[in-house]
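Chain by chain, the residues:
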Amino acid sequence: MEEFFQQLTNGLAVGGIYALIALGYTMVYGVLKLINFAHGDLFTIGAYLGFTLFTAFGLAGWVSGPGGVLLVLVMVMGLVALIGFLLERVAYRPLRSSSRLSAVVSALGASIFFQNAVMLIYGAKFQVYPNDIRPSYVLSIMGIDVPLVRIMMIAASLGLMLALYWFTQRTRIGAAIRATAIDQGAAKLMGIDVNRVISLVFMIGPALGGVAGVMVGLYYGQVDFTMGWVYGLKAFTAAILGGIGNIPGAMVGGLLLGVIEALGAAYISIAWKDAIAFLVLILILIIRPTGLLGERVADKI
Amino acid sequence: MFLELRDLHVKYGNVEALHGINVHVDEGEIVTILGANGAGKTTTLMSISGLVQPSQGGVYFKGKALHEMPSHAVVREGITQSPEGRRVFGTLTVLENLNLGAFTSNDKARIRKTRDWIFELFPRLLERKDQLAGTLSGGEQQMLAIGRALMGDPKVLLLDEPSLGLAPILVKSIFETVRAINKTGMTVVLVEQNARAALKLATRGYVLEVGRVVMEDSAANLLANTDVQDAYLGGSGH
Ligand SMILES: Nc1ncnc2c1ncn2[C@@H]1O[C@H](COP(=O)(O)OP(=O)(O)O)[C@@H](O)[C@H]1O
Ligand SMILES: [Mg+2]
Numbered sequence: 001m002e003e004f005f006q007q008l009t010n011g012l013a014v015g016g017i018y019a020l021i022a023l024g025y026t027m028v029y030g031v032l033k034l035i036n037f038a039h040g041d042l043f044t045i046g047a048y049l050g051f052t053l054f055t056a057f058g059l060a061g062w063v064s065g066p067g068g069v070l071l072v073l074v075m076v077m078g079l080v081a082l083i084g085f086l087l088e089r090v091a092y093r094p095l096r097s098s099s100r101l102s103a104v105v106s107a108l109g110a111s112i113f114f115q116n117a118v119m120l121i122y123g124a125k126f127q128v129y130p131n132d133i134r135p136s137y138v139l140s141i142m143g144i145d146v147p148l149v150r151i152m153m154i155a156a157s158l159g160l161m162l163a164l165y166w167f168t169q170r171t172r173i174g175a176a177i178r179a180t181a182i183d184q185g186a187a188k189l190m191g192i193d194v195n196r197v198i199s200l201v202f203m204i205g206p207a208l209g210g211v212a213g214v215m216v217g218l219y220y221g222q223v224d225f226t227m228g229w230v231y232g233l234k235a236f237t238a239a240i241l242g243g244i245g246n247i248p249g250a251m252v253g254g255l256l257l258g259v260i261e262a263l264g265a266a267y268i269s270i271a272w273k274d275a276i277a278f279l280v281l282i283l284i285l286i287i288r289p290t291g292l293l294g295e296r297v298a299d300k301i
Numbered sequence: 001m002f003l004e005l006r007d008l009h010v011k012y013g014n015v016e017a018l019h020g021i022n023v024h025v026d027e028g029e030i031v032t033i034l035g036a037n038g039a040g041k042t043t044t045l046m047s048i049s050g051l052v053q054p055s056q057g058g059v060y061f062k063g064k065a066l067h068e069m070p071s072h073a074v075v076r077e078g079i080t081q082s083p084e085g086r087r088v089f090g091t092l093t094v095l096e097n098l099n100l101g102a103f104t105s106n107d108k109a110r111i112r113k114t115r116d117w118i119f120e121l122f123p124r125l126l127e128r129k130d131q132l133a134g135t136l137s138g139g140e141q142q143m144l145a146i147g148r149a150l151m152g153d154p155k156v157l158l159l160d161e162p163s164l165g166l167a168p169i170l171v172k173s174i175f176e177t178v179r180a181i182n183k184t185g186m187t188v189v190l191v192e193q194n195a196r197a198a199l200k201l202a203t204r205g206y207v208l209e210v211g212r213v214v215m216e217d218s219a220a221n222l223l224a225n226t227d228v229q230d231a232y233l234g235g236s237g238h
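Residue numbers (my numbering), protein chains in the order written: chain A, 1 to 301; chain B, 1 to 238.
If you're looking for bench data, these hints aren't it; they were derived computationally from the structure.
There may be inaccurate statements among the hints.
To be verified - Partial list, derived from the structure: chain B residues whose beta carbon lies under 7 Å from chain A:
| no. | residue |
| --- | --- |
| 1 | L100 |
| 2 | R128 |
| 3 | L132 |
Said to hold, decoys possible - Here are a few chain B residues that sit away from chain A, every Cβ distance over 12 Å (derived from the structure):
| no. | residue |
| --- | --- |
| 4 | D26 |
| 5 | T184 |
| 6 | V214 |
Beta carbons: idealized from backbone N, C-alpha and C, even for Gly.
In isolation and in its complexed conformation, chain B is listed as follows (with noise of 0.2 Å):
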């Protein structure tokens, strides 16, 4: 198994935000995982990532539980986010931003490579490469958030609510950008609430509800299941 959550329970001080919930991602897929605000969508990227800890249940990458290692070793294991709300680090110039993506490699010729890459994915953050992130637009910034998360070179990228609050014709490019980084094989795990256009893009998908998987199929199935199309892609019969 590439990357398994199992029975994952994740408590906010006496409060369960995961009720056990189990996903899994093969190498190579983009997986969604949709659910209204609140659901939990965020909490299973940071217990993947190590930011919160499960207090039941595990995370398993390659046979590893990554719930047992600190974080930065999660980023080792090859597992990077590009987190909600996108956190660039506001007073740092995009280049610092980035190189900090890399901050767990050591090769400068593979980190120079890495980077050439994101700039031909984003042209904008090179010519803004000497600028403090805190000065880029919202989608300038979430290009960064997803350039520094693909500096740590990893095999699993997580992505946050990639498109939120960006105009549609960015979040298309945004999209774009997504399959094309899966074509290189990098394997993908996509929150979103723009349901449609990430079932567009995944090859399946997990429903979360109040901290369960409530639905769980291709993403075929679900773009054309009409539980799903009620509650996520507004309304039936498109």
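Only chain A is shown next, with the shape it has when bound in the complex (with noise of 0.2 Å):
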């Protein structure tokens, strides 16, 4: 009962940051029908602004408390958001009237620049985010230990889920997105400004994924610029599993694809761990290629 409990609380909190990081490609293909490979090197960047913040915070003695985590957490969200911004003007928007192919191939080409400036500017090695940030404390829920870190990446990306979906389903910009996700003519023909509205997409999304690069920060205390990769394609699969193009999709899709690989790894095998993802991503394709809230994309990547 405890393993499990501490299984499913794991799940859930690796699954929080699939599904930060799903929305951002789920977002994107809905308002684009494009799948921004590079997505997963914005969540690096977030990650590495997140060491870079910290470390320099530290040393100026600015890095006190849950105040310190919060201030860097919006920092990056801002600096990644930027960073997104910019990727869209000029890896997409040039390409918008070409080929599928030729965004493919840009988007490829944007993901292998952002891996390698970050391996140019903070080195191949891992590295180690500032050990006193992180929260120590373990809590104890009906008689079982729980590392309030993890906890709080629960809420925390619960609480960001929760914001997004107010945002989208509750104003009047969230409804813009949703209809330029459905029909961009149609939105255009609303008085919608359809490239403002894209724009804000790649900004919300990369936000998103920033953030969630910080808390994997937290949670391991180390990143590397690899983590993109591995971190994306788990959170691809849970945009697939959801339904690409579905907000809530993401959120669930994340949440599950995290807790499935957590008990999994820790009732089949953990060696099996990275495996379960694609096993899931490769059945769900089978099974239900619409994922378990969206539509068709099979044949649309």
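With the hints as a guide, bring the two chains together.
What follows is the structure, given as structure tokens:
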């Protein structure tokens, strides 16, 4: 029972990260019908910017308690949002009317560029997050010890997801995003500036991905320049699992994949942990290509 | 001049769909554009709305060059469209669809007033306001598409085949509504295959054939014209 509970909360914490990254894939896919292959690298950049900011603030003696962590998270969101915005302008917008293949090539090119940029700036070695910013308390829930950082991660990712859900469902701009995803031409007829919607989506998705990067740094204590690959693929799997283009789908898919993976690693074999995600991907493509909540994608990638 | 298309050419790739058409619409009129499938009617409306760009010539509204503006600016100028095939946002509710029609407006009181008026015009929409638009019948979706276009409080309403696929009784009611809308002073450009009904409603009409205006006259004259009768009104002698 204790083992199960540990794995469940661990799965939810990691799943929350998958979900935050998956939202970026799914929202961009929604408005552009394009898989942003560079999205995983934006997550990496977020993790490294978090590292830099924590280190710098730590030296300046600014980081103290939750306020400092929050400040770093907000700054990373802003910075990665800016990078996402520029990415769309430089790598995707000029190719808007070209073939799907050229956009895919451009996406892969951007991914390689980001990965190498991170490696050149920070080196190929992993970097360690400052130790003192991580809450080390352990909470006792019904006699089971759970690290506070895990609970905070689950709370943070759920909070961000709820905020995003509220934004897309309850605000005018949110409705404009959904309308643009359904029918760009009709959205234009409503007076929606579709280019601005696309820019906005390319800021929201990366902002969430960047936060996820910092959360991974906080959770595991270290980051490396290839992390975007693994997390990107897992999150992409989560997006497909939930139904790509579908926002609640990405949330459900991410959490579910995290839990499946954690339980699978615990009860089947730890060696299979990464394979489980891709088994899920293959199964979902065979059994239910639309994902749990979404539209068909297999022929659109 | 209120709304004017001047020597409008539109190309899709290398194929020209409009070969330089001239159309003008005066304030308060209902102008109908008739023509067979593929004549270029939808292309004409889409170039007014700024969704396709002319390769030559242009669209002018009260002296402003609409074709130099992005599509969302055209809506702000007061020109909205109910497009061919309705194109309602299927996974959004009726109310959300209507509210998107008022996307460019911040005047809450005005939006509420317009919405109330639309619910008077189409009581069905009020009954179904919380339903997903995709679950509406074809006729209801057409009402929604028109209502959504009206939500922008336009000076000019563009309607692309509002009667397409609807039962005759519904067609009649939609056309009556268009008349009522026009009575409020709104200018209407009506694209139709249902030529007889459109001409009975309209002030003036244009006939398009493969990207060219081949006829232009008052609606009454077009109704009486034997060529028009043969081609679009199912033969002469009613
Ligand atoms: N998106 C498009 N791409 C290529 N050709 C098009 C497109 N839309 C319309 N056309 C062509 O332009 C011509 C006019 O079409 P359209 O304006 O839809 O006519 P109508 O509305 O009168 O039926 C047709 O020959 C049609 O095949
Ligand atoms: Mg048409």
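Hint check:
1. L100: holds (5 Å)
2. R128: violated (18 Å)
3. L132: Hint violated; B/L132 Cβ to chain A Cβ min 11 Å, cut 7 Å.
4. D26: holds (23 Å)
5. T184: Per Cβ check, B/T184 is outside 12 Å of chain A; nearest 21 Å; holds.
6. V214: holds (28 Å)
Checked against the numbered hints given earlier, this structure breaks hints 2 and 3; the rest are met.
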